[in-house]
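Asker: So you can see what is in the structure, the chains are spelled out below.
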Amino acid sequence: MTPSQTNSSNARAAGATRPNQKTVLDDVGIRRALMRIAHEILERCEDLERLYLVAIPNGGVPLARILGANLKEIAGVDVIVGVLDTTLYRDDLNTGSERPLLRDTEMPSAVDERFVVLVDDVVKTGRTIRAAMDALMDFGRPKTVQVVGLIDRGHRELPIKLDYVGKNVPTEPMELVRLRGDQGNLEGALEVVVTDATERGATP
Amino acid sequence: MIGTDLLGIEDLERESIERILHTAERMQEVGNRVVKKVPTLRGRTIVNLFFEPSTRTRASFEIAGKRLSADVINFSTDSSSLKKAESILDTARTLDAMDPDVVVVRHGVAGVPKRIADVLSAPVINAGDGAHEHPTQALLDLFTVRKRKGRIDGLTITIVGDILHSRVARSNIYGFIKMGAEVRIAAPPPMIPAAVETLGVKAFTSLREALDGADVVMALRIQNERLSGTYLPSVREYSATFGIDRETLRYAKDDAIVMHPGPINRGVELAHDIADHQHSVILDQVRNGVAIRMAVLYLIAGRQERSFG
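Residue numbers (the working numbering), protein chains in the order written: chain X, 2 to 205; chain B, 445 to 753.
In short, the hints are calculated from the structure, not lab data.
Heads up, a few of these hints could be off.
Said to hold, decoys possible - Non-contacting residues of chain B with respect to chain X, defined by C-beta distances greater than 10 angstroms in every case (computed):
hint, residue
1, Asp-534
2, Val-553
3, Ala-684
Stated by the list, open to error - So the derived label-pair ranges between C-beta atoms look like this:
hint, chain 1, residue 1, chain 2, residue 2, range
4, B, Thr-499, X, Leu-102, 51 to 59 angstroms
5, B, Val-679, X, Gln-184, 38 to 46 angstroms
6, X, Arg-157, B, Lys-480, 43 to 51 angstroms
7, B, Arg-731, X, Glu-74, 48 to 56 angstroms
8, X, Ile-81, B, Arg-680, 30 to 38 angstroms
Computed from a predicted structure; not experimentally measured.
Glycine residues also receive a C-beta, built at the ideal position from the N, C-alpha and C atoms.
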C-alpha cells in the first residue's frame with residue numbers, strides 16, 4: 002500500500018482526517034484520473050452521439066458529472082448523464098434486519114442502442130456492478146456496457162472487470178474506502194479516504 | 445426503525461413515517477418505467493387476507509407486490525355472517541402453515557389484524573380494521589399532500605364527514621398531527637367521537653368555519669347504512685350542510701386541494717363536479733397508493749433471515 006498521506010493544499014475544512022484514516026486519492030488526483038479516463042472513453046467509443054454515462058449513487062454521481070464536463074471540454078459533445086440506484090437489485094436484501102435507504106434514479110433517456118458507461122466510486126466485490134447491469138437492462142438494450150471505477154480495491158467475488166480505473170488501491174477486506182467531499186457531502190473538493198477496520202460497521 | 449408489523453399510524457414514530465414517504469418517492473420512479481418491475485421480493489409470497497369486500501385497496505396491494513416481483517395470493521372470505529374469533533384465527537393459522545412472507549389483513553372488526561399478528565409468524569399489514577385504523581391510506585394521503593404542497597408541517601387539514609366510524613379519519617388524524625399539521629374535523633355532532641380533542645384536533649359543527657383558511661379538504665365517504673336516521677336525518681340534509689361544492693370550497697385557501705379516499709358518493713359528500721375539479725387530487729391518491737404500498741412491503745416483507753430448520 003502506498004498511501005499519499007501528504008494532503009494537497011486544498012481546503013479540508015469538514016473532512017479532517019482522523020488518526021485511523023488516510024487519504025489515498027485527493028481532489029487533484031481524482032480530477033487528473035477523470036481527465037485521463039475521459040480521453041480513454043473517447044478513444045474507445047465508436048459513436049460519441051450515443052454515449053450515455055450512468056452514475057451509481059451516491060459516489061458515482063459527482064464523478065459522472067465531472068466526466069461529462071471533461072468530455073464536453075475535450076470533444077465538444079454533450080453526453081447524457083443518468084443516475085441509477087441499484088438497491089432494489091441487490092442480492093443481500095434478505096440478510097439484514099433493516100432495509101437499506103433507497104437513492105434517486107433519474108434516467109433521462111432509454112438505453113437502447115447506446116454505449117453505456119457505468120460510473121462508480123469504489124469497486125470491491127463486483128456485486129453492485131452486477132446489480133447495476135440488471136437494473137440497466139430494465140431500461141432497454143444497450144449496445145455495449147463498460148464500467149468506470151475510480152478506485153479498484155480488488156476482492157472481487159463475481160466475474161466483473163473494470164474498463165477504466167482511476168487508481169488501484171490494495172486494501173484489507175474489512176477496511177472502509179469511500180469518496181467524500183469537503184462539506185460532509187459530495188460537493189466541493191473530493192477525496193478518497195481509507196478507514197481501518199476498527200471503526201468498521203456493516204459491509205456497504 | 446419500522447417494526448415487524450404495520451397495524452396503525454398511532455404506533456409509528458415520525459421518523460418511520462418519513463422513511464416510508466422517502467422510500468415511496470423512489471418506488472414511484474419504478475412505476476414510471478417501461479418495465480414496471482424490480483426483483484426485490486422475488487420468491488416472496490404476499491397473502492391478501494380480506495374479510496371485508498374491497499376492490500381498490502386489494503388491487504393496490506396486489507399491484508405493489510407484483511411490481512416488487514412477489515407472488516401475490518388473494519384470499520377473500522365472506523364476513524357478512526359474522527365469524528367467531530376462533531375461526532378467524534384458524535384461517536390465519538392455516539395460512540401461516542403455507543409460509544407467507546407477509547399477510548395483508550382487512551376485517552370489519554377493530555383489532556382483528558392485531559389478533560392475527562399475535563398468532564402468525566409472518567409480518568402483518570393492516571389494510572383497514574373496523575373503525576380503528578387504515579394506515580396505508582393515511583400514508584398515501586400524507587404522501588399526496590407532501591408532493592402537492594411540498595411540506596406537511598404547518599398546513600391546515602380539514603377532514604369532513606363521519607369521523608366516528610372512519611378508520612381513514614383516525615389514521616389521518618394521527619399521521620397529520622405527527623407530521624406537524626393542524627387537523628380540523630367537521631361533522632354533524634353525532635358523527636364526532638367523544639373527547640376527540642384529546643387527539644389534538646379541533647372539532648367544528650360548521651363546515652364554513654372548519655374550512656376557513658384550510659390547505660387540504662378531505663371528504664370522507666358517507667356510508668348509506670349510517671344514514672338511516674340514527675346519525676343523520678337524510679342524505680339530502682347531509683349534503684346541504686356538509687357536502688363540498690364550489691361554493692363551500694371558497695372558504696378554504698385558493699390553492700386548497702380536495703381529497704377523498706374513495707369510492708365517492710357523487711352528490712353526497714362531494715358535489716358532482718368537485719371530483720373532477722382542478723384542485724382535486726383524488727386520482728393522485730390512487731396512484732400514490734401503489735408507491736406507498738410498495739414502500740411498506742419493501743420495508744417489512746421478508747426482512748428477517750429465514751431459517752431452514
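Asker: Hint by hint, say whether it matches the structure.
Answerer: We went through each hint and held it up to the structure:
Under the 10 angstroms C-beta cut-off, the non-interface status given to Asp-534(B) relative to chain X holds; the minimum distance is some 30 angstroms. Distance to chain X confirms Val-553(B) as a non-interface residue, since its nearest Cβ pair spans about 31 angstroms, more than 10 angstroms. Non-interface status of Ala-684(B) relative to chain X is upheld: no Cβ of that chain comes within 10 angstroms, the nearest being about 47 angstroms off. Separation of Thr-499(B) from Leu-102(X) is about 33 angstroms and departs from the stated range, judged on CB atoms against 51 to 59 angstroms.
At about 60 angstroms, the CB distance of Val-679(B) to Gln-184(X) disagrees with the hint of 38 to 46 angstroms. Between Arg-157(X) and Lys-480(B) the CB atoms are about 32 angstroms apart, so this pair departs from the stated range of 43 to 51 angstroms. Judged by the Cβ atoms, the range 48 to 56 angstroms given for Arg-731(B) and Glu-74(X) is violated: they are separated by roughly 42 angstroms. Distance hint check: the CB atoms of Ile-81(X) and Arg-680(B) are about 59 angstroms apart, inconsistent with the given range 30 to 38 angstroms.
Going through the hint list in order, the structure does not satisfy hints 4, 5, 6, 7 and 8.
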